[in-house]
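Asker: One letter stands for each residue in the lines below.
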Amino acid sequence: MENIIEIKNLCFSYPADEDETPVQVLNNISLEIKEGEFMAVLGHNGSGKSTLAKHINGILLPTSGTVTVDGISTADEEKIFDLRCRAGMVFQNPDNQIVSSVVEEDVAFALENLGVPYEEMRKRVDDALKDVNMYEYRNHSPAQLSGGQKQRIAIAGIIAMKPKCIILDEPTAMLDPQGRKEVMSVIKRMNREYGITIVLITHYMDEAAQCNRVVVMDKGNIILDDTPKAVFSHVEQVKAIGLDVPQATELAWELRKAGYDIPQGIITEDECAEAIKRLFERE
Amino acid sequence: MLKDITIGQYFPGDSIIHRLDPRFKIVITLIYILMLFAGDSIICLGVGAVFTLFAIILSKIPLKMFLKSIKPLLPFLVLTAVFNLVFVKSGEVIFEWKFIEITDEAVSISIFMFVRIILLIMGSSLLTYTTSPITLTDAIERLLSPLKKLKLPVHELAMMMSIALRFIPTLIEETEKIMSAQKARGAEIDSGSFMTRARNMVAILVPLFISSFRRADELATAMECRCYRGGEGRTRLRQLRSAPRDYIALAVSLVFYGVNIAVGIIVK
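Chains A and B are the protein sequences, given in the same order. The numbers in my numbering rise by one with no breaks, and the one at position 193 of the first sequence is 525. The numbers in my numbering rise by one with no breaks, and the one at position 147 of the second sequence is 361.
It should be emphasised that the hints constitute simulated quantities derived from the structure, not laboratory data. One thing to keep in mind: the hints can contain errors.
As the list claims (entries may be wrong) - Selected chain B positions facing chain A (Cβ under 8 Å, derived; list incomplete):
#1 Ser338
#2 Ile348
#3 Leu379
#4 Cys439
#5 Cys441
#6 Tyr442
Note that CB positions come from ideal geometry on N, CA and C, so glycine has one too.
Assemble the whole structure, with the sequences as input and the hints as a guide.
Answerer: In structure tokens, the structure reads:
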């Protein structure tokens, strides 16, 4: 598989006032993301994870280092719209990214900007709405929809651009559990069925556990980068930077600490239940 | 409470008036306004009234709704009528009391103006009742697009208007939230003297403004992410297509306009 996103020695600091020293938000980050990967970026507030996300589609430009998406450098001003079609971005608050008062027109917004002809636009909008299961709501006003539905509309607006990768910046942070579930299932399906590379920025451990790669950030550095199983087996290290591990992992970890024979690398409830069951059977 | 406010007073429906191309509807409304102000005779006004009634019946919106639209403007209407009554001095005096003199012409002019304005309100209400605000914005953008050559930011204005329309419900919701939060902390918003209430409004407006700026910033980023770069080269999902019925409607209103002018000349 080829790398779709390549980040090399990325440093970034926000411009500071004269007598202040600029705060370094990202310290020399290098990261390669393969096509079709489903990656989570974890980190608590101020770890630089959102800043990293904004570099991938050129909303922010590196102070030093380079970011390339599908062969296009984010610093290449002439290809910026090309780049943004390939790397779509979904934000935390669904209300602040919906432009139109009619659902289908909002989904069409990016296509209208790109000058896509009507027939093709109609088809792509309908397909995107069906992909997120919101087709029957196409003539509604976003104000009538729930948070999860609005976020799915925002995702449809990005899918309509036919991107190669989607960066989602805490897309479920403002949603209720039902909305979170809906949005996660749409993201997973996009990855599975269309092979769209997903970069999911989140602070929910159970969401990270569903990905196939987890990057943990702290103070502008990448401190862990591995499969969810491997990352969450570093329970102490993860906890040291103020993050949690999935509840199932935590339970397994506590049991191990108490001297029970439970394998490492448990991240889902099913695995945990299975391990405990085996423990009982042995006794 | 705040949610009940409907902006633009659109009544969804499927009547022939609803289905007319919004661009034609705007043009017809302009013709209609010209028609009302063209003739000075009562018959001209009669022609206008027939046209209004005809359109209202076609729209299938109850007449009651149109009367409601007049209600908030009634004080203004009455005031205009009274001014006309008192200050028009031509014609024969038919009533005199202290310094007030009312002439027969004053009576006819004030009634005439009264009816004319009522028809004006009813006609333009018909436009907003049968066209959703967003379609209206769209139609205005397209009607004004020739002005782009004069460097008028037509697309930008229309975009701002449609974003404003989009955010009205969101901001209303936000206002309610802030109000509850401030009430929970003891702010008097519904009670107290006028001055305390006015002062407490600040506690609502300041957070509302701050959050609106934040929203605007986020929305701008999201629009950039979706390749927004102004009006140039944009295509539209909403297609405005004129059908034969639009031309028929335009022809009918032009005929009415013509009749109106003819009647005005004959009467003179």
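Asker: Please go over all the hints and tell whether each is borne out by the structure.
Answerer: So, going through the hints one by one against the coordinates:
no., hint, result
1, Ser338, "22 Å, violated"
2, Ile348, "5 Å, holds"
3, Leu379, "6 Å, holds"
4, Cys439, "4 Å, holds"
5, Cys441, "4 Å, holds"
6, Tyr442, "5 Å, holds"
In summary, the one numbered hint that this structure violates is 1.
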